[in-house]
Amino acid sequence: MVEWITSDELVPYEKAVAWMEARAADIRSGAAEEAIWLLEHPPLYTSGTSSKPEDLLNPEGLEVFDARRGGQYTYHGPGQRVVYVMLDVGARGRDVRQFVGQLERWVIAALDQFNVTGRVRDGRVGVWVERPDKPRMPDGSLAEDKIAAIGIRLRKWVSFHGISINVDPDLSHFQGIIPCGIREHGVTSLVDLGLPVTLQDLDVALKAQFQAVFDETEMA
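Heads up: the sequence shown at position 220 corresponds to 220 in the working numbering, and the numbers run straight through without jumps.
Worth flagging that the hints you see were computed from the coordinates, not collected in a lab. For glycine and all other residues, C-beta sits at the position ideal for the given N, C-alpha and C. Among the hints, erroneous ones may be present.
Stated by the list, open to error - Label-pair distances were calculated between CB atoms; the ranges are:
no. : residue 1 : residue 2 : range
1   : Pro196    : Asp95     : 36 to 46 Å
2   : Glu33     : Gln175    : 18 to 28 Å
3   : Ala32     : Gln211    : 32 to 42 Å
4   : Gln200    : Met1      : 18 to 28 Å
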């Protein structure tokens, strides 16, 4: 069984990391069930293991935390649904690439509930949406904006960290970084796309689509 946890108040980043690490250890030892934690953080930046100093454009803007997860710089703040995923990947196939693909498919399936077509792109981690309302790229292709970021860490095959999906955050904070090291594409949110979606709406969609992607019958 997977326990779903929702925090209604903003959760300080360091407190969240400490809780995740403790829960992941309990999952490894068999003392606790797997968990999905839905929350928001106060405004902050996090850096991943591939972050480059030059991608932090405004070092004085917001507090920066070393997340020690995969990926590069990203922003967290109110209006963004953070989904921390503490699952036993060792019992779910022991395949990191497959696991990241499942996270992507889960986000895409949830976005589809709002008639938003999420896409994955080679060389660009996360979930993207096409923007026909924006100028085309130099090669003539449609502009694309990132709507969800993914960055995980595994410790003895139990995952922590996870996903952030932009519902209605202050997108101007992304101007202080090069999000995920990608300069040529922008960032969007469900509300920016013109959809009056709430965090609670997204939570319902995520819960509804979880089982189809992470089928517990696959557990070893």
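Status of each hint after checking the structure:
1. Pro196 with Asp95: 36 to 46 Å: The hinted range 36 to 46 Å holds for Pro196 and Asp95, with Cβ atoms some 38 Å apart.
2. Glu33 with Gln175: 18 to 28 Å: Violated: the Cβ-Cβ distance is about 40 Å, outside 18 to 28 Å.
3. Ala32 with Gln211: 32 to 42 Å: violated, 20 Å
4. Gln200 with Met1: 18 to 28 Å: holds, 23 Å
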